[in-house]
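Enquirer: Letter by letter, the chains look like this.
Number of protein chains: 4
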Amino acid sequence: MKAFVFNGPGKKAVEERPKPEISAPTDAVVKLLKTTICGTDLHILKGDVPTCTPGRILGHEGVGVVDKVGNAVTAFKPGDHVIISCISSCGTCEYCRRGMYSHCINGGWILGNRIDGTQAEFVRTPFADTSLYHAPAGAEEDALVMLSDILPTGFECGVLNGKVQPGSTVAIVGAGPIGLAALLTAQFYAPAEIIMIDLDDNRLEMSTRFGATAVVNNKDGNAVEKVMKMTGGRGVDTAIEAVGVPASFITCEDIVAPGGVIANVGVHGVKADLHLERLWDRNISITTRLVDTSTTPMLLKTVQSRRIDAKKLITHRFKFDQVLDAYETFGAAANTHALKVLIEF
Amino acid sequence: MKAFVFNGPGKKAVEERPKPEISAPTDAVVKLLKTTICGTDLHILKGDVPTCTPGRILGHEGVGVVDKVGNAVTAFKPGDHVIISCISSCGTCEYCRRGMYSHCINGGWILGNRIDGTQAEFVRTPFADTSLYHAPAGAEEDALVMLSDILPTGFECGVLNGKVQPGSTVAIVGAGPIGLAALLTAQFYAPAEIIMIDLDDNRLEMSTRFGATAVVNNKDGNAVEKVMKMTGGRGVDTAIEAVGVPASFITCEDIVAPGGVIANVGVHGVKADLHLERLWDRNISITTRLVDTSTTPMLLKTVQSRRIDAKKLITHRFKFDQVLDAYETFGAAANTHALKVLIEF
Amino acid sequence: MKAFVFNGPGKKAVEERPKPEISAPTDAVVKLLKTTICGTDLHILKGDVPTCTPGRILGHEGVGVVDKVGNAVTAFKPGDHVIISCISSCGTCEYCRRGMYSHCINGGWILGNRIDGTQAEFVRTPFADTSLYHAPAGAEEDALVMLSDILPTGFECGVLNGKVQPGSTVAIVGAGPIGLAALLTAQFYAPAEIIMIDLDDNRLEMSTRFGATAVVNNKDGNAVEKVMKMTGGRGVDTAIEAVGVPASFITCEDIVAPGGVIANVGVHGVKADLHLERLWDRNISITTRLVDTSTTPMLLKTVQSRRIDAKKLITHRFKFDQVLDAYETFGAAANTHALKVLIEF
Amino acid sequence: MKAFVFNGPGKKAVEERPKPEISAPTDAVVKLLKTTICGTDLHILKGDVPTCTPGRILGHEGVGVVDKVGNAVTAFKPGDHVIISCISSCGTCEYCRRGMYSHCINGGWILGNRIDGTQAEFVRTPFADTSLYHAPAGAEEDALVMLSDILPTGFECGVLNGKVQPGSTVAIVGAGPIGLAALLTAQFYAPAEIIMIDLDDNRLEMSTRFGATAVVNNKDGNAVEKVMKMTGGRGVDTAIEAVGVPASFITCEDIVAPGGVIANVGVHGVKADLHLERLWDRNISITTRLVDTSTTPMLLKTVQSRRIDAKKLITHRFKFDQVLDAYETFGAAANTHALKVLIEF
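Protein chains in written order, with my numbering: chain A, 52 to 396; chain B, 52 to 396; chain C, 52 to 396; chain D, 52 to 396.
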């Protein structure tokens, strides 16, 4: 089969690989219908993710058709259309029993990282019963690809952790795909204000179309001042960090109201200053989270009932034999205005 | 001043009364701009509410302008436009400190019940600092009248107690004003399905316009069967009782899914059968609640940010000198299709 | 092997049966070390549990040693000492993913009910990875038997559902084994008062030894009056029903304070009157629950750290060849003062 | 009257002052019976609290007898024995309505800071109805002094924010008075392990007497290593920071388990490093809080029902004319082993 392979920092290729086999009784093999590329895949290609070694097939998102299942798989059978979760959950360990699948001691984020992933014609998915989800008959499969990772990430790490509520005021720092996923799913809770902060006018314009009530371009570095003015000096109930750098985290520290939450979604490479000398008495919470995908069933229902139009996040479409073009387009998002690129088999 | 007065079962009149005075340092006197009629007012007129004695000025909803304040009132001053909460909260007792204002030992539902109410040119409101809310500059005052009682009742007793969630399935038994208020505010949480059940096709049609995803006319008594079919035999996550009779409560018992909630909103005059022999192992919750109006600030923000169009509930408008007509229209809702009738001064 | 068998209403016997085999890859076979008898077993023997058919080996509690495992079992291996949960959880279905194992669509309460149980030398346990728990090295195995059912039942259905809190006032109606399990586990939350209500002075005396702060014998039918007096007319924050008859449920309705919870633990055979005409405006919750055993890991830690002495519930000990005597003793609890009877192999 | 006065950095004196008067209708004047000294008072004396200006009478803790009340005070009358909360709550503002009294826009921590405090024969307490609590008849008033500040601080900021649960593992960094208050109140929730970390063997010995299950002296800087070993490499569910310096906060970052909470209690003067590069995917929460004293009624019940022995925190006793000695003893805690010093009038 054809597969997109990471061959060490800066080296990527489409290669011919053997079709994966069932190796544990809880495995499934899934034939891909659609996949996509995540910002994390770009990090891997740069060499920033040491757990992902050269020779790895990348990709942790996708929908497909079950091809084979191990003898302990009971919830899926060949022919079933499925959503592949970016998180593999054994369903058995202490963390899985608490719904914290991200920290599954037997799984977690392994697809396209520690084991081969979904940017290939077939993928082996461990713990199929607890890591795949049935695609409803008649569902738009493009939208379902957004359920593998980006929607639950924005929703769980940003919106749920951020305790967005009817009438509350939310700011999202970073209007990339993940910030926009938080923006879309924040609207489940009818907040009064959602302020998007970014440096890119195109992304801010898109934010407005996606439901932001206000946008702030922080090119001049005065986002904090503007947000404080918009909120009557009070600050925001929820500040969602969706970039992953110290400056945007500190912006969140500066705009969170007493009693508010800073929900970190961004992937950070370095430490940030925590201004406890100002925050110790502000009654705030700061949360971090790797997506658990525990809300996938809930999100699936919101997609099915059209409470959310997840396809909006898809800006470009490619065939799998154009996967290198897809990476180029996604990697040059500032110019191409790409959010999610859909890759079809 | 003119006032609408309950003179004993079946007897009502517009009478001339003295303008109320400040009698405690925490009082305000408010000049009414708009008021409305509640189903409870009809109960009082029938003689069903023993705490309300003949001679009482009715009404517990309204917006107005502060006329006078006692010397301990600090949050309001003459000239302020205010929403009058149906619940008077002392802010001091054990229940108020827990946010359970409905059970305030010094207040609670007293307006238009134990003390004179808002269907008059002026009203004395006790505990003004904790029982009035500032009407925002430029707000639609018609919509704000809905914040006195009906919106917080549907929201707190039905939606919040019912734990409505993104993607969940909700049924509301009763599509009168209070059921519709629950329907409107349930949409804050993006449930996948909201099924309205009633006997009146007009109300069901209105439900569809207000956002119901399905409607069931229970004239033939098979609502349970239909709801179970709609939900694949599973039942609903949230069943909201918005009628106040045993039959509709038992419908809720019959349609609630394992792990679900029955949120009672209706005012009941008799007991109902609780089928514990079927429910003891179903992991359900049943909640009751007199509205606390603790969510009034939250709801005010949703109205201001247009997350909800509260004016939709208003079907008829009267001047205060037509208050008897207003009662007639509201009392004959089956024919007049009245939901809330707005009375302007 | 020897097994205790239900042979139809009123008929029980110790019989020779074949040792169970692995029949699904997720099964284990466990050699019993200790088991016990549950009130439910007595219900089965009376013929009250239609899902349990003649020929069934009873028992859903116990500790043992793993004898064999299916090829998909990864968390247990032969020789491991284990606690057998009364609830079999597939770990995969919608309910298991929500932690509501009691409603597992592939399992639930099946041991000693729909499939053969633990009152035998060996038992086949389905879904071993998610239905067995490792017995810690050096643990008192007598105490661990209490973790199969009675402690999680009292804790989950009574204490957690009842929202017991530091400083709160709790009443438990019924001082049988399950009421006492609620009493023991309620103390995890440091309530100010725990009032036990029963008709049996011996059980009330035992309640005092187990930590009740007050006891009420309801022989004269004035428990409600006494509890209201003890609580200054306010009622209790949490009322736990641990009998399973309408009268005790109605006692709970009569003593619950505004804002309080009635947590039903009892198994009910008939409906009860729900006095909505008094309760609709009291802001109360009523909960029902079949134990999920989702707190078994938590409870295991409290037993291991000696925050609770679970062995206290064991009043009698038998060898398995005395199992008929054990049933006789347990069935005549009023005379024998039996709580839990331990049966050793 | 006699009063203890801050006269600028390093300058303190007992001075003669006029007895305070009622200045607002919601005020009370309270005659002190007992007071105590807080670590914050020492900070003020050093000049570290700019809101507290020279000439201020210090003190924000105490029990006393109501001497006079303003005409809007309804819950208290002269002669009532009361606990004075360290937080003054207007009961009316947005924050008070949310139970976040610490951020009351009209009050908050003002006693002994922005207005004269409790280290004097009399004190004026604003917002008496919502800032005083009735001392129960027959209560030990020494214990009640601990309810003004130290117990709610340890409980709210440490234990509640830290989500201590039955069976969980807790570490408290800092075994001073506030860490010990957290230790005492953590036991309301029956955690399996409470590990105290400090540099002072005397305090650690006291911790063991107060209920710690393990103690770690961090003199050699290897507390992290020891805690990780004690917890099998997993870390703690709750890490409570009770010192207020970067090093102890970072210790918390290093020992918190995935899914755990860092609850900050300490008063910080400088920023700390937040190692987001390690924590972004650990699913942790960090909380900060100035005590709200919203749990005072709950804590009062636990003291009254002897679930906690708050007097344990009192190590020394003085008469008010020895207040300078009391400060000396409290200020030299390392040598005197002082926790709380009780000052009687």
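Hints may contain errors.
[Unchecked claim] When the alpha-carbon atoms are kept at most 30 Å apart in a straight line, the in silico DSS-like pairs for lysine-lysine are as follows:
1) B:119 - A:362
2) C:352 - D:280
3) D:277 - C:352
Everything labelled a hint here was simulated from the structure, so no lab data went into it.
Enquirer: Which hint numbers does the structure go against, in order from smallest to largest?
Expert: 1
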